[in-house]
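Asks: Okay, here's what each chain looks like letter by letter:
Number of protein chains: 2
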Amino acid sequence: MPAKGVCAMSGARFSKIYTGDLRVPMRGIRLSDGTEVSLYDTSGPYTDPAVETDVRRGLPHLREAWIAGRRAAGQPVTQVACARKGLITKEMEFVAVREGVTAEFVRQEVAAGRAIIPANVNHPESEPMIIGRNFLVKINANIGNSAVTSSIEEEVEKMTWATRWGADTIMDLSTGDDIHETREWIIRNSPVPVGTVPIYQALEKVKGRPEALSWEVYRDTLVEQCEQGVDYVTVHAGVRLAHVPLTTRRKTGIVSRGGSIMAAWCLAHRRESFLYEHFDEMCELLARYDVSYSLGDGLRPGSIADANDEAQFAELRTLGELAGIARAHDVQVMIEGPGHVPMHKIKENVDLQRELCDDAPFYTLGPLVTDIAPGYDHITSAIGAAMIGWYGTAMLCYVTPKEHLGLPDRNDVKTGVITYKIAAHAADLAKGHPQAQAWDDALSDARFEFRWEDQFDLSLDPVTARSYHDETLPAEPAKSAHFCSMCGPKFCSMRISHDLRALG
Amino acid sequence: MPAKGVCAMSGARFSKIYTGDLRVPMRGIRLSDGTEVSLYDTSGPYTDPAVETDVRRGLPHLREAWIAGRRAAGQPVTQVACARKGLITKEMEFVAVREGVTAEFVRQEVAAGRAIIPANVNHPESEPMIIGRNFLVKINANIGNSAVTSSIEEEVEKMTWATRWGADTIMDLSTGDDIHETREWIIRNSPVPVGTVPIYQALEKVKGRPEALSWEVYRDTLVEQCEQGVDYVTVHAGVRLAHVPLTTRRKTGIVSRGGSIMAAWCLAHRRESFLYEHFDEMCELLARYDVSYSLGDGLRPGSIADANDEAQFAELRTLGELAGIARAHDVQVMIEGPGHVPMHKIKENVDLQRELCDDAPFYTLGPLVTDIAPGYDHITSAIGAAMIGWYGTAMLCYVTPKEHLGLPDRNDVKTGVITYKIAAHAADLAKGHPQAQAWDDALSDARFEFRWEDQFDLSLDPVTARSYHDETLPAEPAKSAHFCSMCGPKFCSMRISHDLRALG
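As you go down the protein sequences, you meet chains A and B in turn.
Using my numbering, the first residue of the first sequence is number 1, and each one after it goes up by one.
Using my numbering, the first residue of the second sequence is number 1, and each one after it goes up by one.
FYI, nobody ran anything at the bench for these hints, they're computed from the structure.
Every value quoted in this text rests on a predicted model; they were computed, and no experiment measured them.
There could be a bad hint or two in this list.
Which copy is meant is left open, because identical chains are indistinguishable; a pair holds if it fits in one copy or across any two.
[As the list claims (entries may be wrong)] Below, computed lysine to aspartate or glutamate pairings styled on EDC-like, alpha-carbon distance capped at 16 Å:
hint, residue 1, residue 2
1, 205, 220
2, 90, 184
3, 251, 441
4, 251, 449
5, 16, 36
6, 251, 445
7, 207, 178
8, 251, 499
9, 345, 310
10, 205, 224
11, 431, 99
12, 347, 309
Bound conformation, chain A alone (with noise of 0.2 Å):
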């Protein structure tokens, strides 16, 4: 049984907030001015005292009579056909708050393609965010036992801690006993959009063999999948038979689990990807849950050496290709990115994406800038992360330090979250969002004024800033001094500021 969800954060200083009649979930901090904050929150029901949560039973079901209205109305059932009809669904209105733009902006963005809302029907405890290059630059944060180590108990926890820090989706990689139930109770306690690749399932049906695959096996895993609630599913349609022999001359060969897998099977059965060649009845299975796809890189560099090659760009013209179809058939899409990619040659990758896959949105790991530091790649993938970000990237999925080298724990979550949560934000800022702009305001102007106990709760980590504050200087009364350890207080640069300007 999954141990009980993330406790809320310390202090009475937060609280949960909620906005308009769809009740948006914000994060309200009160300053010691007496004026509040109010930051996007993923966290869920959690981190609200008046809510009692309960993993056995799972969360509310906020989207149930959206969802059923829609359907007694004959709306169509995806995001995308509901846009394309001119529909604002009750999702939209509720992005439309968190993103701090008009319905019709967001219905505008969905119609286009140009974001998406994954928001399986089956799913309907989730709050509804969207992915988009013109909305906040978004984050996932992947979880999931793998066969060595690790419990369903560990993973739910994993999961409501990561989005207690703000991932906006969860990857659920599970790949070793017990997939379905694993899932099953990610899924009912997830207050975000649950991803999943359903060929690692597919694949323990077929007791690991990757030739043994079959699409009957395949479309089972995901029939089974959608029906469960899962909200997007990363495909790796676009590792095509061709393609294989490009990543021979490679230094790292295929660094992608499911595009390893693939490739495997073209080559054991000589034969066309059976994902590519059912890719249609694919999409129809999708759009009957609204499930959107993220179009997976199986090809993408796993090297700096084999950044922006010729594997990697063929395989990205082929998902053009997909993307092309699966919005003919009104079903959500984005498309995933690399990888391992040197910072000059980030910008290309965003640029071809958009042009080959006509702005659907982009979803990247990382990018790592450099191979060297093993242990560290949470902050190789950052550097990446929020330049690419910048350049129009919608959702970066973290990297955590044990990237390369083991199973992240609960630790590493939280480290993955935060750093890309920098990135995230670093992105929008760069972009110019005016709440980006406001959040780093608030904090500076705490700083400037010693207003410590309002600059650690306005960071993105309130426990470690006020830890590592009271390290060397713990007395209470620090907490208002016009100083810090850093410079004790003669060469406090910010307190003789104050007193220039008295002086000036």
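We have chain A already, so just place chain B on it with the hints.
Replies: Only chain B this time, still in chain A's reference frame:
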């Protein structure tokens, strides 16, 4: 008495290599296939098991004979004066080997003022290094006690620790008691150039009252530090009286300690800065020792809101003017830069600095690309540092996780150094440096071939990489296993890639 220096890295797979007559040190890594990779090494004699170091005696005087030889031959004192006369110094030969370029190229870059070799004639213990846009990007680590906490022993140990992990220079920013003695211990034991901000000590001499400062007190302090062997000094001569009012409407005023001290002095006396007025005299002094200028950005922005404002750029114009004067005196000079800058405003900083300062090396603090993550400012700043390094910044001043919160401890120093090595190396890669790419290639080859031990040894931080791996798969056989706990054996894409190559 300071503690004994850092211990050598564990394991016999590392060796200290010396190249050529000048015995240029490199770090050799013996790979499991018998080949050896050699990497740039900043750690000094401490990592050579054949050298017995004793902090009470200090390091051997590597450069003593070179300096004496120049003096006997009547050659100029400063590297730039030699370069302009067409002389190739031993220091230039030494850095040429380190950088993999010709000594003549080094001479040309120094003569043009595009690069500096900070090397006080009174710090013969240092191993020469070069700072310039056409060389490997360097990093600086700040150490030094504040009035609130820490001891001399700790600071000397932080210095050896920081160079152990890759710091190319050290700045001693001590502000408490015993400034002179702390600095003496650090310089005598430092294999890398040591920088300081002399106004901190000058302020101590006048009991912490900025208005009591004078050119005479400052000059005496400068002489004391030049005599002692400081290699470069941050001088905030660009904070002119007319610039101070430009900061009053800022969100965070003046955030440079030295900048705020000089602004306070200017306002208190309603006079032009004594550093600006005595700049010629200062140049004559520095030229006698070959101490380099690091012209301080006393008006750097301390928040995203203040980036690239008139105060900052007015000071930069003055720094350009002063750089010209320094060069006329044959004094080596670099220019300090910000600070807090959102991604889209970073490039303008480099372009303007280059234009205004006639290509003098740029030396920046980060920049931090957002204000909202105290406790993680090594990361917010590494994003900006990597980008600004790519754009042409020659040296990056590290930021530790404790920035804005307290004085860094030993672990923070290591985290800051490793994070900045990542940023500098990512910049080298993006600039197309062949040595940089070779390192990534060696590590990625090891990764793809499941040579785990080689992968760890080639990492920026082998200790952390190994320990993360061993947390979940500690057994010795796992060190040659064709998978790790992240994906487990069945889902290892690289294992499947190998199978594919066998098949294909």
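Asks: None of the hints should be skipped; say for each whether it holds.
Replies: Quick rundown of the hints versus the structure:
| no. | hint | result |
| --- | --- | --- |
| 1 | 205 - 220 | within (10 Å within a copy, 79 Å between copies) |
| 2 | 90 - 184 | neither (25 Å within a copy, 69 Å between copies) |
| 3 | 251 - 441 | between (45 Å within a copy, 8 Å between copies) |
| 4 | 251 - 449 | between (53 Å within a copy, 10 Å between copies) |
| 5 | 16 - 36 | within (12 Å within a copy, 58 Å between copies) |
| 6 | 251 - 445 | between (49 Å within a copy, 7 Å between copies) |
| 7 | 207 - 178 | within (14 Å within a copy, 69 Å between copies) |
| 8 | 251 - 499 | between (59 Å within a copy, 15 Å between copies) |
| 9 | 345 - 310 | within (14 Å within a copy, 33 Å between copies) |
| 10 | 205 - 224 | within (13 Å within a copy, 76 Å between copies) |
| 11 | 431 - 99 | within (14 Å within a copy, 37 Å between copies) |
| 12 | 347 - 309 | within (14 Å within a copy, 27 Å between copies) |
In the structure shown, a violation is registered for the earlier hint numbered 2 alone.
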